[in-house]
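Visitor: Chains as they are written, first to last, in the working numbering: chain A, 20 to 133; chain B, 13 to 127.
Simulated from the structure, these hints should not be mistaken for lab results.
It is possible that some hints are incorrect.
Here are the simulated DSSO-like cross-link-like pairs (lysine-lysine), alpha carbons at most 27 Å apart as the crow flies [to be verified]:
1. Lys13(B) with Lys77(A)
2. Lys88(A) with Lys77(A)
3. Lys13(B) with Lys68(A)
4. Lys88(A) with Lys68(A)
5. Lys88(A) with Lys132(A)
6. Lys25(B) with Lys69(B)
7. Lys87(A) with Lys77(A)
8. Lys87(A) with Lys68(A)
9. Lys69(B) with Lys68(A)
No experiment lies behind these values; they were computed from the predicted model shown.
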Amino acid sequence: AQSVTQLGSHVSVSEGALVLLRCNYSSSVPPYLFWYVQYPNQGLQLLLKYTTGATLVKGINGFEAEFKKSETSFHLTKPSAHMSDAAEYFCAVSRAAAGNKLTFGGGTRVLVKP
Amino acid sequence: KAGVTQTPRYLIKTRGQQVTLSCSPISGHRSVSWYQQTPGQGLQFLFEYFSETQRNKGNFPGRFSGRQFSNSRSEMNVSTLELGDSALYLCASSLEGSGDYNEQFFGPGTRLTVL
């Protein structure tokens, strides 16, 4: 079975500061890893994904994440927070044999202070 | 290209009733998945349909069911509603349903409130 743990249900950052959201996963097979963002009253939008290849992946809106197999982690970062980054972020895992089933972490709500 | 659409966006029902939610995938997408989002349980996978067949199912009671039509549109049904079924129900579509990674695109969700 797969599982995802996101450390910190709420994170507060100042505008211009580093955003770091932590995600650890467990999977018995090589995983596909994702970060999604959800704005109020909206669905999920894919920020970035890791399937194979380069372990440092870049996504939209200046976000990036690094797959570290030895640490079973896929932390999300953005060098400089913007007010528009205030949202809830979800880390998710799937695997090729599971079709399109995504297993999500509990989510981290980001507050950006001016 | 139009995104994933879900109808209705908001729904209020009472305990014991049943409800049907609809999802229209992006044109050309053949896989549709459903997720339930609640404050307590987070995002949980309900089921996935591909070419009118259920390919995968989450750990939900039999009161939750779904189907997919030949045009890939999907419906999910919840019978004998309980208060705990109050949630945001999200639908996601992708081109294919198995094998290599296929990006899923999510709709805005249907907010169901059970009174």
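Visitor: Please go over all the hints and tell whether each is borne out by the structure.
Guide: Okay, the hints, checked on the actual structure:
1. Lys13(B) with Lys77(A): holds (24 Å)
2. Lys88(A) with Lys77(A): Holds, because 17 Å separates the two Cα atoms, which is no more than 27 Å.
3. Lys13(B) with Lys68(A): Between Lys13(B) and Lys68(A) the Cα gap is close to 22 Å, so the pair holds against 27 Å.
4. Lys88(A) with Lys68(A): holds (15 Å)
5. Lys88(A) with Lys132(A): The hint is violated at about 33 Å.
6. Lys25(B) with Lys69(B): holds (25 Å)
7. Lys87(A) with Lys77(A): Answer holds: Lys87(A) to Lys77(A) is near 15 Å, not above 27 Å.
8. Lys87(A) with Lys68(A): holds (13 Å)
9. Lys69(B) with Lys68(A): holds (23 Å)
Of the hints listed earlier, the one the structure fails to meet is number 5.
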